[in-house]
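J.: First to last, the protein sequences are chains A and B. Read the first sequence against this note's numbering and you will find it ends at 113, with the numbers running on by one and no gaps. Read the second sequence against this note's numbering and you will find it ends at 116, with the numbers running on by one and no gaps.
Check the hints yourself; a few may be wrong.
Among the chain A residues that face chain B by a calculated CB cut under 10 Å, a handful are [as the list claims (entries may be wrong)]: (1) Q6; (2) I11; (3) Y32; (4) Q45; (5) A87; (6) F90; (7) G94; (8) T98; (9) K100; (10) L101; (11) T105; (12) R108.
Mimicking SDA-like on lysine to any residue, the simulated pairs with C-alpha atoms at most 25 Å apart in a straight line are [to be verified]: (13) B:K41 <-> A:A1; (14) A:K100 <-> A:V81; (15) B:K41 <-> A:T107; (16) A:K100 <-> B:P40; (17) B:K66 <-> B:C13; (18) B:K41 <-> A:D54; (19) A:K49 <-> B:D27.
Rather than coming from a laboratory, the hints here were simulated on the basis of the structure. Since the structure is predicted, the reported quantities are computational estimates derived from the model, not experimental observations. Even for Gly, the Cβ is constructed at its ideal location relative to N, Cα and C.
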Amino acid sequence: AQSVTQPDIHITVSEGASLELRCNYSYGATPYLFWYVQSPGQGLQLLLKYFSGDTLVQGIKGFEAEFKRSQSSFNLRKPSVHWSDAAEYFCAVGEDGTDKLIFGTGTRLQVFP
Amino acid sequence: GAVVSQHPSRVICKSGTSVKIECRSLDFQATTMFWYRQFPKQSLMLMATSNEGSKATYEQGVEKDKFLINHASLTLSTLTVTSAHPEDSSFYICSARDGRGYNEQFFGPGTRLTVL
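Okay, chain A solo, but in the shape it has when bound (with noise of 0.2 Å):
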């Protein structure tokens, strides 16, 4: 079955530096990939996703993503954090034959001055 794994619960950085949240996932062949992010008491809104081609997704909100398949990841970086970026960010694969996602369990970030 197919699993999709976020590291990291929790992620601390400053303004300006860059960011890392690492995702992998667990599927046979080229999975559909997406990022979310969730602001306090937000729906998710869809920050980038992966089908095909370029494996260097460029997203909103100065978001990018890349997609490793040797290392089953696709982790979303960002060159330099702002305040407004803290939130929860959720990765996700398409279920396989399925309109379904599969969620992790998402990583909070927190954004200090």
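With chain A held as given, fit chain B onto it using these hints.
T.: Just chain B now, kept in the frame of chain A:
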């Protein structure tokens, strides 16, 4: 584009009552809608998938008689929590697919349910 709304955003009810939550796709037709439940500081757990005009498909462990889902039109799905109990208190989030992008779901802002 691709906006999904939920109503109400927050609801408090007494134990034993029923609560209805609406999910609407505002600017597209949603062939499929999904209902998730999110516990504090946890991930989203899919409860059920609904397709317009047909019965919802519930995930294992979700009581279909307790969580009634109706997808009556291409823009509206409702989740009714029947005979609510305090353990049903949670954050309920819906999402919708427009049938164009594979697995691309657009999420509503969520509904915070508190059962006293």
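J.: Could you work out which of the previously given hints the structure breaks and list their numbers from low to high?
T.: Result: hints 2, 5, 14, 18 break, sorted rising.
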